[in-house]
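Participant: Keeping the supplied structure of chain A fixed, place chain B upon it in accordance with the hints.
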Amino acid sequence: MKMKKIKGFTLLETLVAMVIGMLSIAAIFFSYQTFSKAYDSVSNKAEMNSNARNALSQMTREIRNTGRIDPNSVMTHNPLAETYFLQKYTSPRGYSQYYSGADFLQIFYDDSPTTRIRIDYGLKKYKDNNETYLARTYMVFHCTEPNKCTLPIRNVDQIFINNVEDFQVVLKDKDGNEVTPVNQLSANIGKENQKKIKTAELYITTKSKDKIYKTKKTWKISNADRSYVVNDQHHRDTYFVSVYLRNIIK
Amino acid sequence: MKKNYKEKGFALPLTLLLLVVMALMSSILISKTTTEHTANTTKDLSQQSFYAAESGITEAEKWLKANVDLLKTSSPSNIDRDLKFCKTSMFPNIINGSNGFKIERKSLDQVITENLSKDELDRLKKFSYEYFITYTPAVNGSTNTAKTKTASVSEGTSITEGTSYKQGGTKTATYYTIFSCGCNNTPDNCNVNKDSIARLEQDITLIK
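If you read the sequences in order, they're chains A and B. My numbering puts the first residue of the first sequence at 1, with every later residue one more than the last. My numbering puts the first residue of the second sequence at 1, with every later residue one more than the last.
Only chain A is shown next, with the shape it has when bound in the complex (with noise of 0.2 Å):
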């Protein structure tokens, strides 16, 4: 008789077993999804943050050098000197392959008696979509004595922060009080307003490359004089940094 108890399983407690083992497998799949799903959010923003921050502390330590001529220079031809050595533009004239909407910016210093240095930010679309990234060229002239130059070693319109969706930047004096106009439009007033220059404030505002949130969500960008609105359901994320320009005479 005790043999006959223990011989198999009975309908419903097969039935039973099957539903709590699904029930078990179900609870592991969704457990593991929510896991993947909050794993991947964590180092997409991380691996955001982290991209737009090292970006942004050589951008610092770039623009921190603009207008810086070496005492030893080679150079014959002195652009910093007697033309521009920082230009701002709002509106991309002469630059078209960049995103009107936001700024532009193009400086210049001596890495050394034979090289000067020029480098310029602004956004840029994608080739295959309608999204904008921070484009930066690189660009170094290299002189061994007056008159000798080598073409200049050029890195054109590179990747420097994925996903950025506006770039801006404040120029501003001593008293805190905005630089404007920067730039060859303006002719003698911007070469003027250029040795005014205290401090170069940028915003830099990224966007999720996928769809974060399940809803969409508005978002209130304002980054000095450009605002705007949208909603979707991207993340972003706005960084600014202010830096102090040494170099120039004020």
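Hints are not guaranteed to be accurate.
As the list claims (entries may be wrong) - Pulled a few chain B residues facing chain A out of the computed Cβ check, cut under 7 Å:
1) L14
2) M25
3) L29
4) K32
5) E36
6) A39
7) T136
8) V139
9) K147
10) Y175
What the hints assert, rightly or not - Calculated pairs, DSSO-like style, for lysine-lysine (alpha carbon to alpha carbon, straight line, at most 30 Å):
11) A:K172 / B:K65
12) B:K32 / A:K45
13) A:K209 / A:K125
14) A:K198 / B:K43
15) A:K220 / B:K43
16) B:K32 / A:K207
17) B:K102 / A:K198
18) B:K208 / B:K65
19) B:K149 / A:K198
20) A:K174 / B:K62
21) A:K216 / B:K32
22) B:K62 / A:K172
These aren't lab readings, by the way, just hints derived from the structure by calculation. Glycine included, every Cβ here is placed at the ideal spot set by N, Cα and C.
Facilitator: Relative to chain A, chain B alone:
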């Protein structure tokens, strides 16, 4: 009894499996967060060292302004043996062991003193700068001779940052270079191999 034991079910292995999977996932998440946190801290420290080096430059500029008379008569001497974490060998554009004028080493709490809470003071104590001043190095890296230019600034002791865009003038300006390092440790404990050190240079023209 033996058979009963065999058929006890799959609850225990299932629970164990679930536990292992969950533990694995959460440990991945935690390690990711920790890595990010460490990266953040490192970034923050190197940024603070950078600011410390900036403070060094500002302090050196103040010193130059205040010591024009002294600079009129002094000539460059060996400073490298007194430098602690901002050695001349750390700057590629000057000769190792170059001569200079002035060195200073301070923690930030000795510089910023106004209206600080105890917490802030304790934090500032952990950051320091060291600077030295030389004649602006020539192309070969020598700092023994002064380089000069004419300047249009009228006051006798004006200091100009960087290089002047104004050409000509009647005064003679001498080029000096400030070499400054920031460190995320106290001035005495800063370790070149362990701590985050930011190096900065600044050219100055001074009317003597």
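Participant: Need the list of violated hint numbers for this structure, in ascending order.
Facilitator: none
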